[in-house]
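As a plain string of letters, each chain reads:
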Amino acid sequence: MIELLPLLLFLVVCLFLLAGYPVAFTLAGVSLLFAYLGMAAGVFDGAFLDLIPNRIYGIFVNQNLYAVPMFVFMGTMLEKSRIAEELLENMEAAFAGLPGGLGISVVLVGMLLAASTGIVGATVVTMGILSLPSMLKAGYRPSLAGGTICATGTLGQIIPPSICLILLGEVISNAYQQSQLNAGAFAPDFVTIGDLFAGAVVPGLLLVLAYAMYVGIVARFDPDAAPPYKRGSREVSARKLFSGLLPPVVLMVAVLGSILFGLATPTEAAGVGAVGAALLALGRRKLNIGVLREVSLETVRLTSMAYLILMGATIFSSVFRGFGGEQLIDEIFTGLPGGVFSATLIVMLVIFLLGFILDFIEITFLVVPMVGPALLGMGVDPIWLGVMICVNLQTSFLTPPFGFSLFYLRSVAPDELPTGAIYRGAIPFVLMQLGILLLLALQPGLATALPELLR
Amino acid sequence: MTVRSAAVISAIDTFSERMGRIICWLAVIEVLVVVVIVLLRYLFSIGHIGLQESVMYINSALFAFGATYTLKAQGHVRVDFFYNRLAGKAQALVDMLGAVLFLGVTGVFIIWSSWDYVALSWSSFEGSAESSGLPIVFLLKTLIPVLAGLLLLQGVAEFLRALGKFRS
Numbered sequence: 001m002i003e004l005l006p007l008l009l010f011l012v013v014c015l016f017l018l019a020g021y022p023v024a025f026t027l028a029g030v031s032l033l034f035a036y037l038g039m040a041a042g043v044f045d046g047a048f049l050d051l052i053p054n055r056i057y058g059i060f061v062n063q064n065l066y067a068v069p070m071f072v073f074m075g076t077m078l079e080k081s082r083i084a085e086e087l088l089e090n091m092e093a094a095f096a097g098l099p100g101g102l103g104i105s106v107v108l109v110g111m112l113l114a115a116s117t118g119i120v121g122a123t124v125v126t127m128g129i130l131s132l133p134s135m136l137k138a139g140y141r142p143s144l145a146g147g148t149i150c151a152t153g154t155l156g157q158i159i160p161p162s163i164c165l166i167l168l169g170e171v172i173s174n175a176y177q178q179s180q181l182n183a184g185a186f187a188p189d190f191v192t193i194g195d196l197f198a199g200a201v202v203p204g205l206l207l208v209l210a211y212a213m214y215v216g217i218v219a220r221f222d223p224d225a226a227p228p229y230k231r232g233s234r235e236v237s238a239r240k241l242f243s244g245l246l247p248p249v250v251l252m253v254a255v256l257g258s259i260l261f262g263l264a265t266p267t268e269a270a271g272v273g274a275v276g277a278a279l280l281a282l283g284r285r286k287l288n289i290g291v292l293r294e295v296s297l298e299t300v301r302l303t304s305m306a307y308l309i310l311m312g313a314t315i316f317s318s319v320f321r322g323f324g325g326e327q328l329i330d331e332i333f334t335g336l337p338g339g340v341f342s343a344t345l346i347v348m349l350v351i352f353l354l355g356f357i358l359d360f361i362e363i364t365f366l367v368v369p370m371v372g373p374a375l376l377g378m379g380v381d382p383i384w385l386g387v388m389i390c391v392n393l394q395t396s397f398l399t400p401p402f403g404f405s406l407f408y409l410r411s412v413a414p415d416e417l418p419t420g421a422i423y424r425g426a427i428p429f430v431l432m433q434l435g436i437l438l439l440l441a442l443q444p445g446l447a448t449a450l451p452e453l454l455r
Numbered sequence: 001m002t003v004r005s006a007a008v009i010s011a012i013d014t015f016s017e018r019m020g021r022i023i024c025w026l027a028v029i030e031v032l033v034v035v036v037i038v039l040l041r042y043l044f045s046i047g048h049i050g051l052q053e054s055v056m057y058i059n060s061a062l063f064a065f066g067a068t069y070t071l072k073a074q075g076h077v078r079v080d081f082f083y084n085r086l087a088g089k090a091q092a093l094v095d096m097l098g099a100v101l102f103l104g105v106t107g108v109f110i111i112w113s114s115w116d117y118v119a120l121s122w123s124s125f126e127g128s129a130e131s132s133g134l135p136i137v138f139l140l141k142t143l144i145p146v147l148a149g150l151l152l153l154q155g156v157a158e159f160l161r162a163l164g165k166f167r168s
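Chains as they are written, first to last, in this note's numbering: chain A, 1 to 455; chain B, 1 to 168.
If you are wondering where the hints come from, they were derived from the structure by calculation, not from laboratory data.
There could be a bad hint or two in this list.
As the list claims (entries may be wrong) - Which bits of chain A does chain B cover? Going by a derived footprint, with three or more residues having C-beta under 8 Å, they are:
1. 25 to 39
2. 65 to 75
3. 299 to 305
What the hints assert, rightly or not - Listed next, with one range per pair, are the computed distances between beta-carbon atoms:
4. Ala87/B - Ala441/A: 38 to 46 Å
5. Leu4/A - Phe44/B: 57 to 65 Å
6. Leu37/A - Leu86/B: 25 to 33 Å
7. Asn54/A - Glu130/B: 12 to 20 Å
8. Ile129/A - Trp25/B: 27 to 35 Å
9. Gly50/B - Pro133/A: 49 to 57 Å
10. Gly445/A - Leu153/B: 48 to 56 Å
11. His48/B - Arg55/A: 27 to 35 Å
12. Asp45/A - Gly127/B: 26 to 34 Å
13. Phe190/A - Ala87/B: 49 to 57 Å
14. Ala441/A - Arg167/B: 51 to 59 Å
We put the beta carbon where it would ideally sit given N, CA and C, even for glycine.
When you get a sec, could you build the whole thing from the sequences and use the hints?
In structure tokens form, the structure reads like this:
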């Protein structure tokens, strides 16, 4: 029984998380109380707790994580200075005349917005406020409009540079090194955040393509669901569109490109991108001390939120290890009939279900350190695993009735969009997600080929 | 809510809010320092270890002081699926128990367990492992108990606030 305690710890943590106290403290507090009970019962070695201060210090000095505040700063600056909004409005107006054009432009701008902010909630809310009314006004079937916006909002995770990929890259590279050290490698191979970005490019674009094609096909065969927009209501000149579109797109491409081609670290690229975003805002006379303070405060809030969860998860994983959790997972995985395949499938299912209650930061920090070393030790490719987790979580966030993305849209959608319509509209996109997930499982090269090419 | 606990809550809240509004400028400074590092490296091929290490200090301070402001601003995520459906008193109960059992235990544990770790660093005024790095690693490590202490302080306010809500 004692050897099953780590799993009990995990279950108890999940149970207490549902009570709704902030995740970071729940993770740490439950784990510590569990450890003290274990010490009292003589089944936990307190020495594992003594390692925690140095591991917290390790979080402080982890250079890869400095990319988080930089990216948050850049994304929030683009958002608060309303550059992202203008982008959305101009694109919509320009392409609205084509059949399905409005829907497709929502997908494309959503992709850019997702790439710039990288936060699912923010993207869904922004698009729900801006694009949903114009889609409904244009006569789009409410379920199609709702589904498109929810799905596009989840792109924020997979389209690099995303904060999800940065954190996942960090945790996966640690798990990868751990698995090789466990196997006795002297000079462990490593993966970088840039590798994960590169791995996500093709699957991300495939998703965008699938979404856009779906909207196009619906518009072609069922014009009532996606009628062409009546011209004249909001014309936008090509010049205005160009000048609105070009600078933020150039900024995103430059930031992403310099990371992918190894010219700059994610932190450096995002730092320059943050200044670039501020300059764009300044050029539009949208930058003042108030905006700067708002952006900075938001950066502080999101950064310390993520860091505190990492700290809580670090305490959890220390206790998990102290109870022998690593060996337990290893034994369970190697004992499974079906080997690597079943192990990966189980992990994916657990992550999918956790996606109903937890956001990606918690899942990344909680689950990957638990199962990553064992899974990677069985020969799973780290980049492929990262991309799979990302697409999987995206699917989870989109799946009725618990998906996060659906809740975010519900919170800003008007009453003429019933919750049932949002659910119905999301289902085709969930199926597309599952299709890409299956494709990735069958063709891992979709994720791993580009990083290898760029190395 | 008693007059005294209302005063305590408001004093702590004001402190955390002001601290957040001051340290948020660290985000701007961090961005600027990163850009200066990039410019020096790519335009002039100058790598300055002290400057690079300063990002570590700025970022850590942003987190260590910012986490408390974020707690005050209700910025630490919850699993709110059930929580949002609870009655006000039940929410208050969750917040009271959480403040003591989770936040309280964690904060006290971190201060207690990091004490020797930080004291050891102070005893030798530990500096950077790099010869041209910053000689103040002991201050960086001190941020660990400081972070926990500040969270505990705001935790007192959160507890009292929940208690008041529970009693009302």
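Structure-based check of each hint:
1. Under the rule that three or more residues need a Cβ within less than 8 Å of chain B, the assignment of the region 25 to 39 of chain A holds, with 7 such residues.
2. Counting residues of the region 65 to 75 of chain A whose C-beta sits closer than 8 Å to any C-beta of chain B gives 5, which meets the bar of three, so the coverage hint holds.
3. Counting residues of the region 299 to 305 of chain A whose beta-carbon sits less than 8 Å from any beta-carbon of chain B gives 7, enough to reach three: the coverage restraint holds.
4. In this structure, Ala87/B and Ala441/A meet the distance hint of 38 to 46 Å, their C-beta atoms being roughly 45 Å apart.
5. At about 59 Å, the beta-carbon gap between Leu4/A and Phe44/B stays in the expected band of 57 to 65 Å.
6. Between Leu37/A and Leu86/B the beta carbons are some 27 Å apart, a value that agrees with the proposed interval 25 to 33 Å.
7. Range check, Asn54/A to Glu130/B: about 19 Å between beta-carbon atoms, so the 12 to 20 Å window is met.
8. As the Cβ distance of Ile129/A to Trp25/B is approximately 29 Å, the hint placing it in 27 to 35 Å holds.
9. One distance hint, 49 to 57 Å for the beta-carbon pair Gly50/B and Pro133/A, holds here, with the actual separation near 52 Å.
10. Between Gly445/A and Leu153/B, the C-beta spacing of about 53 Å keeps the proposed range 48 to 56 Å intact.
11. Our hint of 27 to 35 Å for His48/B and Arg55/A holds, since their Cβ atoms are close to 29 Å apart.
12. Between Asp45/A and Gly127/B the Cβ separation comes to about 33 Å, which falls inside the hinted range of 26 to 34 Å.
13. Separated by about 51 Å at the C-beta atoms, Phe190/A and Ala87/B satisfy the suggested range of 49 to 57 Å.
14. Checked against the hint of 51 to 59 Å, the pair Ala441/A and Arg167/B passes, with Cβ atoms roughly 55 Å apart.
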